[in-house]
Structures are given as structure tokens and as C-alpha cells.
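So the chains spell out like this:
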Amino acid sequence: MAGAKSASVLCMDVGFSMSNSAPGEEPPFELAKKVIQKFVQRQVFAETKDELALVLFGTDSTKNSLDQDGQYQNITVHRNLMIPDFELLEEIEHQVHPESHQADWLDALVVCMDLLQTETKGKKCDRLNISLLTDLNTRASSEQIDVIIENLKQAGITLQFFLPFPVEDDEESGRDADRGSPGHPGMGKGLSEEQKSSVDIVKHIMLNLDEENGLDEIYSFRNAIEQLCMFKRIERRPMAWPCQLTIGSCLPIRIVGYKAVTEEKLKKSWTTVDAQSNKKDDVKRETVYCLDDDNETEVEKDDTIQGFRYGSDIVPFSKVDQEQMKYKHDGKCFAVLGFAKQHTVRRHQFMGTQVIKVFSGKDDEHAGVALSALIRALDELNMVAIVRYAYDRRSNPQVGAAFPCIKKDHECLIYVQLPFMEDLRQFTFPSLENNKKFTPSDTQLSAVDSLIDSMMLLEEDDNGDQKDMFKVHHIPNPAFQRHFQCLHHRAVSPSTPLPPMEPWLKAALECPDVIAERCQGPLEEVKRKFPLTEVEKKKKLKTSAQIFGKDSGEPDAKMAKGDEEEDYNLADIAEGSVTSVGSVDPARDFRTLIKKKSLPFGEVCQQLTRRLEQLLSNKNTAYFMKSITCIQAFREQSVKLGDANLYNGYLQSLKTSIPNRGLEVFWDLLVQDAVTLISKDEVKGSTVSKTDADQFLVTEEKKKEAAAPPAEDTGDVDDLLDMM
Amino acid sequence: MAEWNAYYRNEDDEEEQEEGEQSGGDYKITGRDSLVFLVDASKEMFIKGEDGQPSNFDMTMQVVRSVYASKIISSHRDLMALVFYGTEQSKDPSKSFKHVYVYHDLDEPGAKRVQEVDALRGGKGAQLAAETMGSGETSLGDALWCCANLYSDIKLRLSHKRLMIFTCRDKPHEGDSVKDRQARTKSGDLKETGVIIDLMHLMKPDGFDVAPFFRDIISPPEDESELGLQLEPCDKLEDLQKRVRAKEQKKRAQARLHLCLGEGINVAVGIYATAVTARKPAPIRLYRETNEPVRSKTRTFHTQTGSLLLPSEIKKSQVYGKKQIVMEKDEVDAIKKFEDPGMFLIGFKPMERLKRHHHIRPAAFIYPEEDEVKGSACLFSALLTKCHERNVFALCRCVSRRNYPPRFVALVPQKEEVDEGKVQISPSGFHVIYLPYADDMRTLDPPQCPTASQRQVDKMKEIVSKLRFKYRSDAFENPVIQQQYRNLEALALDMMAPEDTEDLIMPKVDQMDQRLGPLVQEFKDLVYPADYNPEGKPAAKRKTADTGGGAEKKPKVEVPEDELRAHVQNGTLGKLTVPVLKEACKKFGVHTTGTKKQELIDALVDQLGQ
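Listed in order, the protein sequences are those of chains A and B. Here the UniProt record's numbering is used: the first residue of the first sequence is 1, the next is one more, and so on. Here the UniProt record's numbering is used: the first residue of the second sequence is 1, the next is one more, and so on.
No wet-lab data here; the hints were simulated from the structure. Since we're looking at a predicted model, the values are computed, not measured. Heads up, a few of these hints could be off.
[What the hints assert, rightly or not] Below, in silico cross-link-like pairs of lysine-lysine (DSS-like), each with a Cα-Cα straight-line distance of 27 Å or less:
1. B:48 <-> B:242
2. B:297 <-> A:284
3. B:124 <-> A:280
4. B:48 <-> A:49
5. B:48 <-> A:280
6. B:508 <-> A:279
7. B:508 <-> A:326
8. B:48 <-> A:265
9. B:597 <-> A:49
10. A:265 <-> B:337
11. B:587 <-> A:123
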């Protein structure tokens, strides 16, 4: 793969017959143009070093290096071999038109061969290819054909044909080769004489180049477009990681590891540019440091040092010290710690972001045998090697598992990282099994059963083998596809909005049609058997994302962050969720509820008095203080609402119960704070006069001396509550 | 000023965000977690167990210490407190409670606190406890009230509040009904403010009966199964540790989504990260003079005018095929959006279709959210039962957050597993295994290798059997992180040298050699020829010695003019080497100031491109 680079020539027929088409069908010219556009697009976005040339034939003019003595006429080398770019795409878009001449496609092929040979001289190319797009509607002179084949073979040039119609292997299909499959678009009224003879020549060439699979390199335009609509998948050259697998101190085996699976990222990232000039250099980002004071005093970077948090402590710890004190190890390593049963290493415990395949050292058959012995031993015992893995001296060592993997054509170990103790979060969840509320009935279970039946993604093929209908690892990453689609669109039509998602991409992410259809019935059944009701949230705490909605322009992912440091006001937050008078801050709850008016006044008062009685039964100064604030709140709200009866009634009954319950201390506190009855002066509906109200507390004070010794807490407060 | 601030983008925030994505802060509720250890300090707690077993108090202190230490590493922003009750001495911020001793009030745990808890361990610890606190009367009500005050004194938003009572006395007030009632009232208050009260009951000679008193004190278990009450009292440190560990971490859903089985069949689920790679903490910048942390601000401004750039004055660009492609910032975000968040069922596959090597990131876990959609738990449970029974997994398309492109995931059924002590080892739910796309699979060219003979394999089997051990996922500590924290601990506490860490992922070579004995040599004799050195490199590819060093004059490098022009035209100059380009510059009399490749190329293009 090293330095792999290819050179290819796209050779397109633009002659007049290419514009002919049956009614309602796209002319072959348009289809061929699409094929080369898609192909060039892929090359541009894949950013390979591969080079491309474009040769047109059937052009009105002639421009090629073989143009002599009326030979090789109407063939134009539009672009020499070079790395494709958007310029080429634009040229294809705007400069490649159907023209009115015809040229011999074999002549065009010769021009392409000549171009490839001269322009790749001195370059290292491991693949030379010519793609010919034509309807074969010109007479080809077949005299030179054997020379051409010989030359192709010698130069190692491969050929691909793209035709408006499919070409079949006549022996295999047993059908009339000339007719192809009936009804294929592009066939029109069948093939002309020229086309028939040309097809024979094409077959002759292809089978001569590759007896077995030559015909596989003949495509129809439609097939090609379908295959090319996908942007090239990102390919990276696997990097070999040579190391030694060690078991104890004296059993080393030379190995080489390759990253086999890892989440691929786009190679390029976005750069920030000035909106006016589109220039990167016009924008500069700068980071400044400032103290956390009111003025946000800026400090120089040089005046800062590195530190770390150790819980609540902040420890200055310079880079140098850190480097010196940090954990050091011997570097590259793949050392077996021991062997464990495979089932003890669970799939969901896999950590890290990659899978490494480990083969034996290059060109070392002894290592190969030794590793094979280990792989087979593990496989036969159903065991796995637990290993210490370190990529190199600079990287952190890991603990991981090496599983045996035996395939038809190769054996290897598959290494995956395993968790450290620090990585694990032991969450406990309520059991689903022991909970009767959630246990599904038998009919419910059978509904799910038939759903699973209908949605199995495996189907049996003709050989009775199970075929997977939905292989995720064959789907190109839709994010990349969409990314390139949009980039391409913006590049060719800069001022238009971004296009919708391509239908094929959407379809590729959906459930296969067969399944979607098959599961309709069972799904309906599940819907019937399992009632699902969305719970209306009384009042969800809104995240900023919900408040600002989509207009905030910030992707939601960023919203997950908490604003932890924000000083908060308990009342503000709790207000939304108060539904009854709680015991923590009953006075506040009481006020909130009254304000919200969600419950009738009487009801709220009753809740408050119930709390009051609870508080008072504890006979403790702190509880008394709380009770007083409650009574004060009761009074304040009653006055506000102009309803004194409930309050006055409660206070009076409370007073009478004081001696019985031994609450004199509490009463004294009430007297101190002068919390008395609500008088007529304050609320019109009150039956208590101002003097009575004042008197209410005073008389009690006098009486107090004579009060009987407090009886033990009766705990019976029902009579008080009944009054409400 | 506020507007000015809006132009800044804080880099630290962004980093934290990254972290947040992984550790998965709760989507809706944010705030700090808090945990109060309320420990009985009565005489009974100090009674040593049989055969020199540590006392209940000692055990508790060990657990508290380990939780402190692990919190410092995993979530240093959580708040912790340590309060003793049933003490002789009293200490609390409000000075209004007797026989309650607030050893640590609610704060982030630090090095000093770890040390202070350490001081209470062992025989000396018991002595210290007796001297500073002593044992006296018990009023759990006062203790709970005191804890409530700790919570209410915190001005930060608390998202999760937990209180753990460690005691071996099932009747703390010995029948005093007033005190009992007070404790009940107070625990009610606490529970109402969202504090979850757990009981870590410890062994005492005649057994611990939860029913008469503590049943009313503690929070009911989530699943109403009374599982919590059936637990036997702990008599082993490990058990206690496990039990505390299981409760101490707040489950936080990374996201709450709908698992959509089909049109209108939406099961509400929460996604949880059960394993997250712990990293060394990121450094923070301190002001040299005062050691106080500084904040970093990043601003974007125009190079020429020097004015700050508004988001609307910035665009994003990429260059492909020599063309600059420019998009608005929100277009860049919009490209990533495929659909609203959710999991969409595609179908089912047998478990063996889930390939082991299809792994790209750690798994997550889903559990139904009955609070969001009623009936979720039942359907989820049915799906779980059936998938488990039929040994299939569900394949879903998953968009975990808004503007995230879709990923496919395998939902692997997990049945609940409990250990002998009825402590849950694995909860019931589905593991979410992320699957790779075609782009994520790399094409390898597997080397052809000979396979081993059965004799060789059998010998290796003997070796493998000798080195068997039982793998436990929590058996290995990360030496890198441990070392970093030991260093910080040493610096924070002015210790002479950091405590030694044991590298648990280092092979115990000597023991292995000993166990294997002659097996290694026997195996080597079977697979390696006598003259083979498995540690040596294979015959070196390039022998530098033969060429006689670099004394030879470099061959003159020259490219014909037309080829060079062709390169300029095709934009392929980059393929030539620097010496060749330099030579070319000389030849065409191009003056270059730089020696970098790009500078040479630019100079040549300027000269020849005209």
C-alpha cells in the first residue's frame, strides 16, 4: 500500500449519437456525464494523490499528440494527467457538451494509452486505468486490435467500459447477447449493427485481458451512478506496531499489531474565517488569563503556573516536577498477566475506542507457529489472555484482553482494552423482575415474541444459509456522506441553501422494507397490549435550550453543562414544585400555596395547622420558633385576604389547649412577639374588637400562674383540627 | 460588561463540556451531589470483633476514608460531611445541639480531611475518638436536625442528597418514645427536602432488627420490594464497602430518550454511562504571586482592525480540490442534524451476530423511565425478558443528543444478578453497544502464517492452565492516575515523599516463571529452532554499515524543465523532494528566502506559473 497511487484516464464519447435517446429517457450523454462527475467528486473529497486525465472523443475539434495525417481525428485531450480539483469539476459542468462528430472509440483508446504512458514516465504509479464511456455507436476498425491488447498487457493498463446498456456473458446467460436484458433503459429499440459489432470487440478485448472476470469490468451507466453516489469511505493505511508478546520472563513471541476497528474522524476540520473576506488570516484568537476578582484583572501568561486540584485543595505542581514524579514505565509492551475464562470478560466492559488485531512478526514463521499455538490453545480452552499493553513509552499503559480469533484464512489475537477500577460506576437499579407492577402478562409477552419474529434481520438465502439483511459495518458513516454532499453543493452553487438529505442515504438508515411491512401487524398488537401514556410534567425546569429553542444557534449538546456555581435562591426554585405545606419551611410553603391559589384557602390553612400541631408536639425551642413563624404567616395571609375567621378560631382553640399540653413556654413566646387575634380594625369580617385582641394575650399571662402542672403530651389534636 | 463577556469563549468550559459528554451530566438537573456520613459513636460501636476483627467504628472509618479518596479522584466537586452522634462532646456550627459532633461539615473532600479520617482508624483512632468526642447520650433526632442544617447552610444547588447512618444499635433511644418521635419527625423533614436516608446497619451480637425503629427513619427502597430491609447487617469490611459504594454514586442519566419500537410506540428510557475512562485531572492555571486560580478567556478579533468579531462576522471554511468552501456557523451545525434524539428499532439479530471486534467506544446502559411515559417499565421488561430468553439483541439507530449524527447500537439484554448478600451485581436493563460504520473498519492484509501442530497447542494449553486466574473488572487500579494523586497528596500534605503505589497491571514475572517451571523451555523446544532468537530483530532490512556511511557525494538531482513546468501546471510540485526543488530554484534563478518546502514551491510557482 505504501505510496499507492493510481493514474487513470476518463475517456468520454461526446459524439452526436450519445444525445439520442428513447422518449422519456435521459440521453446516454447526460448519464455518462453524471458518471464522470460523481467519480471526480469522490476523488476530490477523498484527497488521494491519484491523478486523472480527461479525453473526449467525437469532438468537433482535434487536440491530441497523435494527430497526424488525418489520423486520430475528433479526439481532444481535455485535461492532462493531474490531481483532480474543483476546476476540473467546473469544466465538466460547463465545458463538456454533446458535439456533432463521431470518432472511432478504438482510436480514442489508443490516444489514452499513449497519454498514460508518456505522462506517467518517471512517476511511480501502481495502477494505470482507462475508463471508456461510450454508446459504441461508431464503426471501430478492428485490424489493430491484437496490437492494442498486447500493448495494454505490456503496460499493465486496466480497462473499464461504461455503456448505456448492460452486456452479458452469452454462455452463462444463454440469452441473445446482442439484445441484453430486455426492458433495460438505454436499450431503446435494440442495438444497431455498429453497436453489435463493437460489443463483440469489447468482449474480445476484455476477455483477453482477464479471462475470468474481464466482463465484470463492463458497467452500465445506471449501475455506475448508483455505485458512485456514495462518497468514498475514509481509508487509512494500517500502521504496523511491532512488539513482543511475553509470558513470564523467558517466553517472548514476536508480534505485530494493527488497529483494526476505530471510530474514524473526518480528516479536515473547519477553520474560522472572516465573514467578509473569507480569509483565515483576518481572524485571530487570543487567550488571556485574568484573576477572579471584580475587575477581572488580566495577568500575563508567564505569570501563571500550573496547578492541580486535589479535592478542595489546589496544589501548585510545575510541569517539570510533574514530569519527574509521574508514573514511568519501560515502554512498548504486550505482556500476559494471566489467563481467564472468556465468559468472565463481558462484552459491555470493553473500554477504549479501538480494537487491535495481533499477528505474528513479519516474515517470522517460528513466531507464527508460537502465536498460532497460543491462539489455538486459548480457543480450545475458551480462555482469554489478560495483558498489559503499552503503545510506547509516552503513552499510558492499559489492561486489556486478547481473544483468540480463528478465521478461514488467518489467525490472530483480538485485543480490547478493559476497565480500570477508577473507570467503573456501580449503579444499582430497582429490580424489574421482582416488581409486580411491571411484570408483563403472558399475552403481553407473546405479543413481544411475535414482534421479534417479524423483525428478525436474518433471512435464509437459496443455500439455506442465514443472511444478514442489515450489516451496520457496510453502511458508510452517514455524517460523512452528508458532510461531503453539503460541501460539494456549496462548492458548485455557493449562493444557494444547503440541499436536503439524499434519498438513498435516508433509506440506508431505515429498517429494510420487507421488515417494515412484516412487522406492521405485530406492532399494532404490541400497541394494543401495552398502554403507554406520556406523563404530563407539572412544570419541568426548563433548560436554556428549551427556552431559547433552536434559535440559539448553539447545538444542544453544549447545553448539558450545569451552571453549578450560580448562587441560588431556594425559594425561587422550590416555588414551582410546592404542592402542600411541608415540614421544613411550612410558613414559606403556606405563603407560596396561597399565592398560587391552586388550593382553596381553607384547605391550605388546614394543612398549615396540621403541621403546627406536629411541630408543637415536639416541645423543643427550635420547633417553637418555627411554629411562631407559621402562626405569623397564617395571620399575615389572613389579613391580606380579609378572612380572619379561620385564624382567630385556631388561635383561640390553641389557647385553651395550652395548659393541657404543657405549652406555656410556647405561649410566652407568642406573647413576646405579640401575635394576637385579628381585630375588626384589620379585617372587617372579624368578630373580635381591637381591645379583645389586645386582651387576648394579657389575660392569658395572668392566668398562667394559676395553671395546673402540665399534663403529659396528649398527642390528640384531632379536636383542634376539626374546628377548621 | 455583560455584552463584552459574551464575546469571550471560555476554553475551560469547552473542555469541561467534553468531559461532561463522557461522564454524562444529567440533562435536566444540574448541581452538586452531596453525601453525609452520620456515624454512631456510642460505646457499642467500639467493641472489637472476635479474632481481632476490627470494631464497627473502625470499619466505618475505613469505608469513609475510601469514599473520600475515591471522590477526590472521580468527582471532587461532590460535597461530603462526617457527623458523629451519641458523643459526649458536642460540636456543630450553630452550637445548639448536644451529643452531636460535626467532624467535617459539608464541603469538597481534600487531603486534610482524608488525613483526619485516617487518624480515627485502628486502635489509636478509637483512643482519639474517645478523647475528642467520647460516648454519651443519643438523640438521633438532634443528629438528623443538625444534618439538615448542614444541608441548608449550603448555598450551592444540590442535585442529589444522601445521608448514610452507620450504627449497630437498632434501638438508639432505648424505648424513649419522645426521642423516637423526634427522630421520626426530623427524618420526615429531611426526606421531604429530597434527602435520601440509608441505613448501613452493622453487626451486633443479638442481630439487628430494622423493623421497630429504623424502618420509619430510612427512605423506602425505589422498587418497593423491601429489598433494603431484608439485608443482613454487615459484618465484613468488604460487604460494607460494596454496600456503600453501591449507594454512594448517584445514577445520572446522560440523556432521557424514547426507545421507539414503531409508530407511536415510545418507551421512555434513561441512558447511563456505567464505565467512563477516568483521566488524570486537567491542570488549572494559577497566578504565580498568590497561587490563586486564574480564568482563561478566549476572544476572537480582526487582525487588521483589532475589533472583536461577533459570531455573525465569522464563517467556517474548508479547502478541497484547491477550492475554498465557506459556510455559516449554524449551517455547519445543521449538517450534523439528521433527526430528533431517540432510539429507533430496526430489528433483532441472534447474539452470535454481535461480533466481538465491532467495538468503537465503551458501552452505555438503558433503564426505563416510568416517570416520563407510564407503561414504559412493563414493555421494557417484556422486551428484556424475551430478548434474553431468545438470545437476541435489538438493533437500533440512536441519536443521543440534538444535532448528533446517528449511530447504530446493539441493545444487549442483561438480567439482574445479585450476590450471596443480595447486593445487586448487575442491574436488569439493556447494554448499549455502539457499532462501527464501514468507515471505521480498516482493511488489513493478514499475513499468511503456518499453524501450530496439536502437540504444540497442547503444550501451550498446559502453560495457559498454569496461569489461570479469576478476572474481576475492578481488580486493576490505574497506576498513572494513582501515582498522580499520590504525588498531589504528598504535595498537599507536605509529605516528604509520595506513598508508594503498586502497579497492579505489571506481570508478576517471578511468580509466573515459578509456576511454569520447565514448561516454557519445553514449549520453546517445540516451536523455536535452536538458533532462533525470538527477542532479536529479523535480519535488518537496511544495513547501513555496508554503504560506508554518508561520505559519498549525493547524486546530482535535476529535473528537466518541461517536467518541472508540467508539475507547476498540475500543482504536483509537492511530490518532488526538497533537494530537487532547491536545485530547480537555482537553475531558474529563483531567489528564495526560506528553505521550507512550501516556500520553495511557492517561489517556483511564482516564477514559472506566469
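Against the structure, the hints come out as follows:
Between residue 48 (chain B) and residue 242 (chain B) the CA atoms are separated by roughly 21 Å; this keeps the pair inside 27 Å, and the hint holds. For the suggested pair residue 297 (chain B) and residue 284 (chain A), the alpha carbons sit about 14 Å apart, so the restraint of at most 27 Å is met. Of the pairs offered as hints, the one joining residue 124 (chain B) and residue 280 (chain A) is violated, with about 67 Å between alpha carbons and a cut-off of 27 Å exceeded. The hinted pair formed by residue 48 (chain B) and residue 49 (chain A) fails the criterion: a straight-line CA distance of about 76 Å is larger than 27 Å.
At most 27 Å may separate the alpha-carbon atoms for a hinted pair to count; residue 48 (chain B) and residue 280 (chain A) exceed this at roughly 72 Å. A C-alpha spacing of about 58 Å is found between residue 508 (chain B) and residue 279 (chain A), which places the hinted pair above 27 Å, so the restraint is violated. Only pairs whose Cα atoms come within 27 Å are accepted, and residue 508 (chain B) paired with residue 326 (chain A) is accepted, the gap being roughly 22 Å. This hinted pair does not check out: residue 48 (chain B) and residue 265 (chain A) have alpha carbons roughly 59 Å apart, beyond 27 Å.
Taking the CA atoms of residue 597 (chain B) and residue 49 (chain A), the gap is near 18 Å; set against the 27 Å cutoff, the hint holds. Our distance criterion of 27 Å between C-alpha atoms is met by residue 265 (chain A) and residue 337 (chain B), whose separation comes to about 17 Å. For the hint pairing residue 587 (chain B) with residue 123 (chain A), the CA-to-CA distance comes to about 22 Å; that is within 27 Å, so the pair holds.
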